[in-house]
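**Student:** Chain by chain, the residues run as shown.
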Amino acid sequence: MSDQTWSIIVGFAVVVGLRLLDWVLPKGYIWTKVRDWSIKDEDEDEK
Amino acid sequence: MAQKRERRGYELKALFWGRPIRPFHLAVFISTGAVGITNLDGAGTVLSGATSYVVGGVASISAILLITGWWFKKDVFAEWGLLLAAGMWASRATFAFLSHAHNEWFTIAISFAWFVGAAGAYLLERYDHVISDRE
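Respectively, the protein sequence lines represent chains U and H. Here the numbering used here is used: position 5 in the first sequence is 6, and no number is missing along the way. Here the numbering used here is used: position 96 in the second sequence is 1064, and no number is missing along the way.
No wet-lab data here; the hints were simulated from the structure. The structure displayed is predicted, hence computed values, not measured ones. Backbone N, C-alpha and C fix where the C-beta goes; we use that ideal spot for every residue, glycine too. Each statement offered as a hint is correct.
From the derived model, a few chain H residues whose C-beta atoms are all more than 10 angstroms from chain U:
#1 S1028
#2 I1032
#3 T1036
Label-pair distances were calculated between CB atoms; the ranges are:
#4 U:F13 with H:F1074: 19 to 29 angstroms
#5 H:L983 with U:R20: 28 to 38 angstroms
#6 H:G986 with U:T6: 43 to 53 angstroms
#7 U:R20 with H:F1040: 14 to 24 angstroms
#8 U:F13 with H:A1081: 14 to 24 angstroms
Excised from the complex, chain H in its bound form (with noise of 0.2 angstroms):
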């Protein structure tokens, strides 16, 4: 007989085709996912050339990993996928700032956003997988 599981502090209390929602990893999904359809053409918004490549690749990488891990149940795809979109999304609010692009401060704002959402969301997960585990 399967275990009940638990229902984490960032699920909500209704399950979608018996999948867990966690709203912010949604978000990310979306931000991060969107971010790699522009760039893996190696011209996005903000970046262009290599960078755009690699930053696009990491993004694509990342939306991937958080959409399979809520597919498949695994958190470990998630944590990887936040931690991946974490970088990303420094990468981008660095590269910003550095290169005074156009609007720059709107776009370091909005980089840095995700950038914080997305470690904090990734040290969470992983500080859930601690209480798991001592319990």
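One chain only, chain U, in its complex shape (with noise of 0.2 angstroms):
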């Protein structure tokens, strides 16, 4: 396939991935390692 067609894959490739993604990604959760691995700002409680 020429370079252009290989382009045009991607592309679309690229929207299909994003929109799988998004679906595939649960909704109403949060990673909850980036709980454990963040630090409390103390100042955004003093505010």
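Assembly of the complex is requested from the two constituent chains, each provided in isolation within its own frame, with the hints serving as guidance.
**Tutor:** Rendered as structure tokens:
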């Protein structure tokens, strides 16, 4: 396949892939590892 | 009485013509619109021939969706505009990479950067809808 054909395929795959990613990501959940790895912002509490 | 709309994280505090200002969406509109304009005649700076028409068409549709989404306050238009922009920029980066286009590293880097930005903005738009539905 030519370079042009590949570029069209990649563009289409990106659109489909992003829709799929959005569909797969669980709704209403947060990634708990972020909580494990983050530090509480003390300044925010004082505001 | 109209319900007050909560400002999202990627919007500026000010309004322009009663509409929220989303700087990154505006940037995507300008860059994607430029690609659309330069490719619609079949001879862009990187692409040419049939691919140029396809990419130019998609870029133009994306830009139109972004500006009409902002004007008519339709978030679904902005979502699709960003999604198509991400696909268009990925396509352009792929072609530049495969065809060893003139000044290829710069073209690839810029196209890939816009792809990452547009894809991320699309996912942020979708995530915002999830938050709104949950609340």
